[in-house]
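Asks: Here is how the chains run, residue by residue.
2 protein chains.
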Amino acid sequence: MKKKISKAVMMRLPRYYRYLSEMDTTERETVSSHQLSVAMGFTASQIRQDLNNFGDFGVQGLGYNIEYLREQIAKALGMDRTNNMVLVGYGNVGNAIINYPGFANKGFRFKAIFDIDFSKIGKDIYGIPIYHVEKLNDYVERNNINIIVLTVPKTVVKDVVKNLKIKRKIGIWNFASIDLKLKDNYVVENVHLSDSLMRLSYRLWGKNGK
Amino acid sequence: MKKKISKAVMMRLPRYYRYLSEMDTTERETVSSHQLSVAMGFTASQIRQDLNNFGDFGVQGLGYNIEYLREQIAKALGMDRTNNMVLVGYGNVGNAIINYPGFANKGFRFKAIFDIDFSKIGKDIYGIPIYHVEKLNDYVERNNINIIVLTVPKTVVKDVVKNLKIKRKIGIWNFASIDLKLKDNYVVENVHLSDSLMRLSYRLWGKNGK
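Residue numbers (the working numbering), protein chains in the order written: chain A, 1 to 210; chain B, 1 to 210.
Since the hints were derived computationally from the structure, they do not count as laboratory data.
Wrong hints could be hidden among the right ones.
Same chains, same names: a pair is fine if it fits in one copy or spans any two.
List time: in silico BS3-like cross-link candidates among lysine-lysine, alpha-carbon distance up to 27 Å [stated by the list, open to error]:
#, residue 1, residue 2
1, Lys-135, Lys-162
2, Lys-207, Lys-75
3, Lys-207, Lys-120
4, Lys-183, Lys-207
5, Lys-75, Lys-162
6, Lys-154, Lys-111
7, Lys-165, Lys-154
8, Lys-165, Lys-120
9, Lys-207, Lys-181
With the rest of the complex left out, here is chain A (with noise of 0.2 Å):
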């Protein structure tokens, strides 16, 4: 990589991630900074500005290729490995979680899934196992986990992260809707829906909206 990344473009990079891993490259092997511009919205020159930032393999008139600039930009958003993920909280929204496309096709891949509730716990998922939520500080350090997805009620939460004890670095994928306050070591990321939904709101029916 030439250069450190800014934060702004580090942003970015996964829609570019998922427009390059969109494209059939059976058909075509470069693309242009033009066509991502129509396809991505960005403007030309932005996409030339970001793109900047993975070496000059863009060749003027030839564009880029595809699959080595999505190769680089894995690289940079550290996807060039597998990430080992256990989800606790097999409910209406874990479900969803574990049920969703296109997590595994980028090496993110479910290893365990831990409940409270003995009418789930033994059975699983797809082969994917659900244990007791007693289990996982052990599960997670004997089996290389580096993601854990939380999708338990925003009421219990705080239990559960009280209860974790990960001394190494280790993601938090945290779906409870309630910013959560833990050591450094942990790596919090926090999906908030409401959030979404109301920046739409505000988008339709907002002061000096849209």
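Given chain A, work out where chain B should sit, using these hints.
Replies: Frame of chain A, contents of chain B only:
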């Protein structure tokens, strides 16, 4: 409102709204920029600057009246009305969204569900009826629907939006993980769950990541 709210401030408003909504106003009526700063992780000066958009009602030494500030932010977000919603695609994601707590108390109400599966059509989910998707346009027009939530698979979402015939301004909350191109009267807010997971990956393992 004093002045036009910038996009950057607008993006932070849902977060303010969430924090203010969770404060127990039976215990205290006001909150200081310092208290908000500790809770939310923004600097107190950032908070004062953001909230300055809502007039000079933060009195030095007394702080902001929680209820009043919450109402002003709700108004700015266009949430001082009921948003009637329908959901299209009653699968795992649809089920999670229908059951997700915290939409109704913000004025977002589901009125109907649409699907193509005859084993689901005619049933209802907590009193929300499931109709055939061919009735969607008609239902939206007759029932003052403001937001269409798309939880259909990526492979069929283009067909669904191709058949939309709404002429007035309407919101589309899209979970299909594909950016939709629609006429200007459709205000589209996309939820890309895998983008959030990729950002987590970046912060864990990415180049220059935290």
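Asks: Each of the hints needs a verdict: does it hold here or not?
Replies: A quick look at each hint next to the structure:
Taking the shortest alpha-carbon separations for Lys-135 and Lys-162, only the intra-copy value of 14 Å comes in at or below 27 Å, while the best inter-copy value is 48 Å. Taking the shortest alpha-carbon separations for Lys-207 and Lys-75, only the inter-copy value of 7 Å comes in at or below 27 Å, while the best intra-copy value is 41 Å. Proximity of Lys-207 to Lys-120 under the C-alpha cut-off of 27 Å is found in neither arrangement, the shortest distances being 47 Å within a copy and 39 Å between copies. Taking the closest pair of Cα atoms, Lys-183 and Lys-207 come within 27 Å of each other only across two copies (22 Å); inside a single copy the shortest separation is 39 Å, beyond that limit.
Neither within a single protomer nor between protomers do Lys-75 and Lys-162 lie at most 27 Å apart by alpha-carbon distance, with minima of 33 Å and 36 Å respectively. Taking the shortest alpha-carbon separations for Lys-154 and Lys-111, both the intra-copy value of 23 Å and the inter-copy value of 25 Å come in at or below 27 Å. Taking the closest pair of Cα atoms, Lys-165 and Lys-154 come within 27 Å of each other only inside a single copy of the chain (20 Å); across copies the shortest separation is 38 Å, beyond that limit. In this homomeric assembly, Lys-165 and Lys-120 come within 27 Å of each other (Cα to Cα) only inside a single copy, at 24 Å, whereas the closest approach across copies is 44 Å.
Proximity of Lys-207 and Lys-181 under a CA criterion of 27 Å is satisfied inter-copy only: 25 Å between copies versus 33 Å inside one chain copy.
Violated hints, in rising order: 3, 5; the structure is consistent with all others.
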